[in-house]
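Engineer: Kindly generate the complete structure, drawing on both the sequences and the hints.
Quick note, the sequences are listed as chains A and F, same order.
Okay, so the first sequence: first residue is 15 according to our numbering, each after it adds one.
Okay, so the second sequence: first residue is 336 according to our numbering, each after it adds one.
Think of the hints as simulated: they come from the structure by calculation, not from any bench.
Quantities reported herein were computed from a predicted structural model and do not represent experimental measurements.
Cβ atoms here follow ideal geometry from the backbone N, Cα and C, with glycine treated the same way.
One should not assume that every hint holds.
Stated by the list, open to error - Derived EDC-like pairs (lysine to aspartate or glutamate); straight-line CA-CA distance at most 20 Å:
| hint | chain 1 | residue 1 | chain 2 | residue 2 |
| --- | --- | --- | --- | --- |
| 1 | F | 371 | A | 184 |
| 2 | F | 390 | A | 90 |
| 3 | F | 377 | A | 74 |
| 4 | A | 86 | F | 381 |
| 5 | A | 22 | A | 225 |
| 6 | F | 364 | A | 154 |
| 7 | A | 187 | F | 353 |
| 8 | A | 217 | F | 350 |
| 9 | A | 216 | F | 351 |
| 10 | A | 217 | F | 353 |
| 11 | F | 360 | A | 154 |
| 12 | A | 187 | F | 350 |
| 13 | F | 392 | F | 381 |
| 14 | F | 371 | A | 75 |
| 15 | A | 160 | F | 350 |
| 16 | F | 360 | A | 220 |
| 17 | F | 371 | F | 381 |
| 18 | A | 160 | F | 353 |
| 19 | A | 118 | F | 381 |
| 20 | A | 160 | A | 225 |
| 21 | A | 160 | F | 351 |
| 22 | A | 217 | F | 351 |
| 23 | F | 360 | A | 192 |
| 24 | F | 360 | A | 189 |
| 25 | A | 160 | A | 184 |
| 26 | F | 371 | A | 189 |
| 27 | F | 385 | A | 90 |
| 28 | F | 392 | A | 90 |
To be verified - Derived list of chain A stretches under chain F, where covered just means 3 residues or more per stretch with a C-beta under 8 Å from a C-beta of chain F:
| hint | segment |
| --- | --- |
| 29 | 43-51 |
| 30 | 65-77 |
| 31 | 81-95 |
| 32 | 162-176 |
| 33 | 218-227 |
As the list claims (entries may be wrong) - To list a few chain F residues with every Cβ distance to chain A over 12 Å, as calculated:
| hint | residue |
| --- | --- |
| 34 | 367 |
| 35 | 395 |
| 36 | 396 |
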Amino acid sequence: MFIPKTPKTIIEQLVAPEKISVWNSTWRRFFDLYHAPIKIMVGNSFFKYGIYSIPNNVVDEVVSDVVVSLNKIFNDNLYDPKKSRFRSYLKTVCDRRVVDYLRKNVANFKTDSIDGEDGSVKAMAESIAQESLNAKLAEEEQRAFKESVVLDAYMSIRHNFDPRTCTAFEMIKLEDIDVEKVVEELGVSPNVVNNSVYRITKKLREVISGDPLMKEFFDEKEHK
Amino acid sequence: MKKNTSKNSGCGNADDAENIIGELKRAYKAINALQKTPSHRKIVLDVERKLRTQKEKTQNPSI
Numbered sequence: 015m016f017i018p019k020t021p022k023t024i025i026e027q028l029v030a031p032e033k034i035s036v037w038n039s040t041w042r043r044f045f046d047l048y049h050a051p052i053k054i055m056v057g058n059s060f061f062k063y064g065i066y067s068i069p070n071n072v073v074d075e076v077v078s079d080v081v082v083s084l085n086k087i088f089n090d091n092l093y094d095p096k097k098s099r100f101r102s103y104l105k106t107v108c109d110r111r112v113v114d115y116l117r118k119n120v121a122n123f124k125t126d127s128i129d130g131e132d133g134s135v136k137a138m139a140e141s142i143a144q145e146s147l148n149a150k151l152a153e154e155e156q157r158a159f160k161e162s163v164v165l166d167a168y169m170s171i172r173h174n175f176d177p178r179t180c181t182a183f184e185m186i187k188l189e190d191i192d193v194e195k196v197v198e199e200l201g202v203s204p205n206v207v208n209n210s211v212y213r214i215t216k217k218l219r220e221v222i223s224g225d226p227l228m229k230e231f232f233d234e235k236e237h238k
Numbered sequence: 336m337k338k339n340t341s342k343n344s345g346c347g348n349a350d351d352a353e354n355i356i357g358e359l360k361r362a363y364k365a366i367n368a369l370q371k372t373p374s375h376r377k378i379v380l381d382v383e384r385k386l387r388t389q390k391e392k393t394q395n396p397s398i
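Structural biologist: Below, the structure written as structure tokens:
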């Protein structure tokens, strides 16, 4: 019996060893899913270089430069998943585009100087604060990336189910709508609704646990 | 032992499922909200413009 293979998520397709050339046809979907972590990584890079208040239009411009860079990277097969994790690689790309922007616009940005009358004490205090801040920024990036990865997984399996099943699942689990309302809206029994939720949840777990890129985010409990 | 293992495995699977659904819900709300913003649309248009410019430069190096 032929069992169709689970469709790959966007990120899985982009980093596949066999280099399936999908960037040109999927970059918009990639951006829809990964806009949030890219934006956070860009903002955090500015923060790292001492720029604490960035106009939104500047962040947007750098984010678009990141996507253009990714276009070249994936079209020219420049990313090697054996050398680094995609999240780290993406962060490096974001950081480099921020540096490029700062170099071109150096006159518009001035960082706060840490030199003062009590320079060394202030520097030490800032260093300690900076370490804890860096940890918080990294956690924020990881959270956003993890959310994008999970949504990517869901979008890759969504079309395997009929629209009523997907709609029931989304209404119950993602939009917090009561079962009674879903039953009335879709014209189905509560059993059908519960079965929809069960089937999609089960498939989602299978996709995530079968993908090393995604599994790393959900193995935290086992490693603690 | 087998029964206990399967029971524990069942609890673990339920926790995993709740964990995943929780992440998906947060992602769904956050990313849907972001996709509706003018910022998101503007960035897509900006990327398209930059890619077109790059392509034109590649095809006409004299530009």
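Engineer: Which numbered hints does this structure break?
Structural biologist: 34
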